[in-house]
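K.L.:
Based on the sequences and whatever the hints tell you, model everything.
The listed protein sequences derive, respectively, from chains H and E. First residue of the first sequence? That's 1 in the numbering used here, and the numbers climb one at a time after it. First residue of the second sequence? That's 109 in the numbering used here, and the numbers climb one at a time after it.
Worth flagging that the hints you see were computed from the coordinates, not collected in a lab. Heads up, the beta-carbon is just placed ideally off N, CA and C, and yes, glycines get one too. Any given hint could be a false lead.
Cβ pair distances, simulated, as ranges [to be verified]:
id, chain 1, residue 1, chain 2, residue 2, range
1, H, G6, E, P189, 38 to 44 Å
2, H, R59, E, P379, 49 to 55 Å
3, E, E1021, H, R37, 53 to 59 Å
4, H, R35, E, P208, 31 to 37 Å
5, H, R37, E, P189, 48 to 54 Å
6, H, V17, E, A595, 49 to 55 Å
7, H, E39, E, G381, 36 to 42 Å
8, E, P379, H, I62, 37 to 43 Å
9, E, L948, H, R37, 54 to 60 Å
10, H, I62, E, V421, 57 to 63 Å
Covered stretches of chain H (in silico footprint by chain E; criterion: 3 or more residues with CB under 8 Å from a CB of chain E, positions within the stretch not fixed) [unchecked claim]:
id, stretch
11, 24-36
12, 39-50
13, 67-77
As a plain string of letters, each chain reads:
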Amino acid sequence: MAQPLGEFEQMVLLALVRLGPGAYGATVRREIQMRARREVSISAVYTTLERLEQKGLVRSRIGEPTPERGGRRRRHFDLLPLGARSLREAYTALVGMTAGIEGRLKTL
Amino acid sequence: MRGRLALVVIRLATPRAAREWVVGDTVEEFQRIREALGDRAARAWLRRETWRVLAGAPRHRLAVFRAARPLRPARNRGDGPVRDFIQDVRYTLRLFGRAPAFTTIAAATLALGIGANTAIFAAVNAVLFRSLPFADAHRLMLVHMTVPDRDQPGTFREGVWSYPKYRTFETTQHVFEEIAFFAGRDLDLSGSGEPQRVRGEVVTERYPAVLGITPVSGRAFSHDEVHEAGTPAAAMISHGLWIRRFGGDPGVVGRQIQVNATPYTVVGVLPPGFRGLIGNADVWVPLAAFEPSQLDEAQSHSYTIVARRRPEVSEQAAMAAVEVLGRQVDAAHARRDVGMPGWAARANSMYASRIDADIRRAALVLLGAVGFVLLIACVNLTNLLAARAMARRREVAVRVAIGAGRGRIVRQFFVEGLLLAALGAIGGLLVAAVLLGGAAMLLPDSDVFFRSAVAPGRPRIAGAAGLTRIGASMIGFDRVTVLFTAAVALLTAMLVSLLPAAQASMLRPVDVLKSGGKAVAAGGRWIDTRGVLVTVQIALALVLLTGAGLMIRSTSRLLDTGIGVDPSGLLTVRVDLPRAAYDSARGQAFHAQLLERIRALPGVEAAALGLCPPVSGGCNDTLMWFPPQAGPRHDGSDPVVGIHWITPDYLRTLGVRVLRGRNFTEHDRAEQPRVLLVNETAARRIWPGEDPVGKRVSVGQGGFHVGAEIIGVVSDVRYRAIETAPIPDVYVPLAQSYQSRMRLFVRTRLDPASLAPAVAREVRGLDPALPLSEVKTMDERVADAMWRTRVGAWMLGGFAGLALLLTAIGVFGVMAQAVTQRTAEIGIRIALGAGSRDVLALVLVRVAALTAAGIGSGTAAALGLTRFMRTLLYGVEPGDPMTFVSVAALLGLIALAAGYFPARRATRVDAMEALRAE
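P.N.:
The following block contains the structure:
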């Protein structure tokens, strides 16, 4: 049984699922801002991704340097099976808790 | 916040391991937003991102730290200084975390103090200490002619060279391995692109070689280009101009540019950052092409020599040799039309002449003042820390009781000070960056700055003036400045932790534990160490206030000094007609048309032309002599007068009054008898007790050596500087003596600055190739003329205000603490029948005692220290009693007001409650 995920961790993992392979900090930030309308810093995204990696939920690899980043390399993240399971559990829990009250949640 | 700074902040706030991708992503995201939403949106995003990163940084680091060590047991404690230190740091950080308000206030106070120190130091470092950006700069010397000073007989001032004298010097000297001269000029650039007025230098061929620089492309001037009239005209350009005007065109060498409507071929581009010794040059032209008439004008002095000493020749030897050479040069060139006997030469190292003495003095005074502000801030912090240490005495006592050494306790306090100072230093660097960004606004227009006024009797060195340029670009963070900040932070840490550490180490655990940790013990006098500190604080604040008061008085004295014209509603514009395109007939016609068009503009009351604007650092000088004398005598007996070319409306436009006789009219034309006006000072000095109107005189310029009749006396105008008394001046009609370089003066009922576009349109309408420059209201000119005093008053005033605020907080804090500690005593007094008046007096008398002691010692210190400001003041003495009395009164009032609040609280002490608590 994996540890339960925090809310921000869920958002970051969901962004990884949406973005598919090759996601990195800036794209995750952009996805969260566009989808969840939440302004977060790139460095917060990396902190969370790093923690998720230490927990074994995601894995990272370092890319090639590109000129538009001033020759800095990217760090890409992919979802691992354990991460997928944790995300599924979180989603199931949320769906379970909200079943039947979706309408009321909107008008609450 | 600038983009680069934001990135640095993000970089520093990010754990090292993640820096590369976080910063890379930030850069990438910034570019993406800029492309999608524009520069503004991207900057706004970066700013918000930076704040988010800063706000989140501690949390993130902690999170990573925790995740990395999920289940490790607490590390066992041991000895060893490093481990102790780490423990102290952790402990202090926990304390900070528990009192975020205290930490923020303390760090912010220090950030302001340290930041202001860093900013001032960056400026001082740039102008006084940093080495000049030339190879072997210590061997560079500036060589001036020395000229007898007509204002102060018997003294000499530094002057400039003529070309023939330079040649004599160059060919006879043996102490320099490279030698060249330079002089600043205004140049009109046209041809490719908009006409543009730039600064340039007239130089000789070895000029780059002397300074040890080589063109990045192309070459320097050849011998013939400099010395042979008729050689095709060549020019070198600055790296910046090459980028801006020619888009970095690699084929720029060989291209033609128009300088003052004459074609020049670009032969070289000089390295980035080099702007000549005048500090803002963009174009370099050789003498023979630019000023061929100077090639045989031995008495036309205009150039400053810069030379590189031979390595084997000492500075003293070079100076001695130059002195001998100077007299030989003078003997070789007999004087003909200007000057007095006794010219010589003097060499100074470039370091010695890089900045004038007054600005050096001002910079050091400001550095001292800002140091005082930091000291005052330190006193406040010390008091805060000491109060906190008081509250922690029980904890400290327990630690001592169970075996902690005194050293360990003291170190704990030092670590606390160190961490606060470190926070303050980081904040201080940000504060300094902001302050330096704003510094450019305080500096005057460079054009005026070069000719800015100096104290009477100390004329600016014409050629070295550029070295005094404190361009905003010169001031910035370098290694020395950051080291300075670190050193200041360390010193601050020691200062603020000294008192709490000393208090704690003198603690006797038994006493504290017995008394239940209540803060009663340790003397409990009203005026303890902290009272003494407040006294010191008041004294320091008084010194600062006095300095600021003196500067403010100087400013108001300058404002009160009439310059002889009415500056409000007056616009000035420089209109130079290129001599190649305008002979005197065309020029006269242009001037007449221009005035006619300007007068027709709505809102214009009057318009006129004049050679030289008031308070601009000085105008043309020449000699005056009297018939039957045929020419000037050159023995110093003929009076020196300023000479001004004007149109008849000039007096009315500027607000100069005709005191006797008549003004010029339209009838005073070239074919009419020559006439001139003199000012009041001339009338008084040259014809004491007589009426000069109707007399005939000759003056040495503008064709007036043949003699002219004085037709009127007009009121004085201060042309040099506000603080310089008027000299004898004569005015001659422009219609009788054509000049190509004139200023247009426009008097208007409207805001004069709003008239500038219309004036520019009219000028362009007459000749689209004419560049306009020095478009300024007279009020701006007056402000520029007093910039140094004004900036000094602003900065010292700002520091003094800060000091006053910090001192008030200090007095308040110490008295509030004292009242709290004395609650029981006050309770007893009230129980015994003391009224609230008595209690109020009890506290306020203590405040008054501290304040009086502070003001007394501060006044003594200020009397000593303000003497260093003498040369910065105008119309007020360093020991000015008015200033001293008023600042002492102000400070006393503020201190009493700050003490009043704790005093009032003391009157509300509930006697019963206080005694029960005891």
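K.L.:
54 to 60 Å was suggested as the range; check whether the CB atoms of E:L948 and H:R37 agree with it.
P.N.:
Cβ of E:L948 to Cβ of H:R37: about 58 Å, so the range 54 to 60 Å holds.
K.L.:
For the hint 49 to 55 Å, verify it against the beta carbon of H:R59 and that of E:P379.
P.N.:
holds, 50 Å
K.L.:
With 37 to 43 Å as the target window, see if E:P379 and H:I62 comply at their CB atoms.
P.N.:
Because 39 Å falls inside the window, the suggested range holds.
K.L.:
Given a hint of 38 to 44 Å, does the C-beta separation of H:G6 and E:P189 actually sit inside it?
P.N.:
Given about 39 Å between the Cβ atoms, the range holds.
K.L.:
Range first: 48 to 54 Å. Now tell me if the beta carbons of H:R37 and E:P189 are that far apart.
P.N.:
holds, 51 Å
K.L.:
Determine whether the Cβ-Cβ distance between H:I62 and E:V421 falls within the hinted range of 57 to 63 Å.
P.N.:
The hint (57 to 63 Å, Cβ to Cβ) holds, given that H:I62 and E:V421 are roughly 60 Å apart.
K.L.:
Are 3 or more residues of the stretch 24-36 of chain H near chain E, judged by a Cβ distance of less than 8 Å?
P.N.:
Holds: 5 residues of the stretch 24-36 of chain H have a Cβ under 8 Å from chain E.
K.L.:
Please test the hint of 53 to 59 Å on the beta carbon pair from E:E1021 and H:R37.
P.N.:
holds, 54 Å
K.L.:
Confirm or reject the claim that H:V17 and E:A595 have a C-beta distance inside 49 to 55 Å.
P.N.:
holds, 53 Å
K.L.:
Checking C-beta pairs, does the stretch 67-77 of chain H have three or more residues closer than 8 Å to chain E?
P.N.:
holds (count 7)
K.L.:
Measuring from beta carbon to beta carbon, are H:R35 and E:P208 in 31 to 37 Å?
P.N.:
The hint (31 to 37 Å, Cβ to Cβ) holds, given that H:R35 and E:P208 are roughly 34 Å apart.
K.L.:
Closer than 8 Å Cβ to Cβ for three or more residues is the test here. Does the stretch 39-50 of chain H pass it with chain E?
P.N.:
Held - the stretch 39-50 of chain H has 9 residues with a Cβ nearer than 8 Å to chain E, which meets the minimum of three.
Against the hints set out earlier in the document, no violation occurs for any number.
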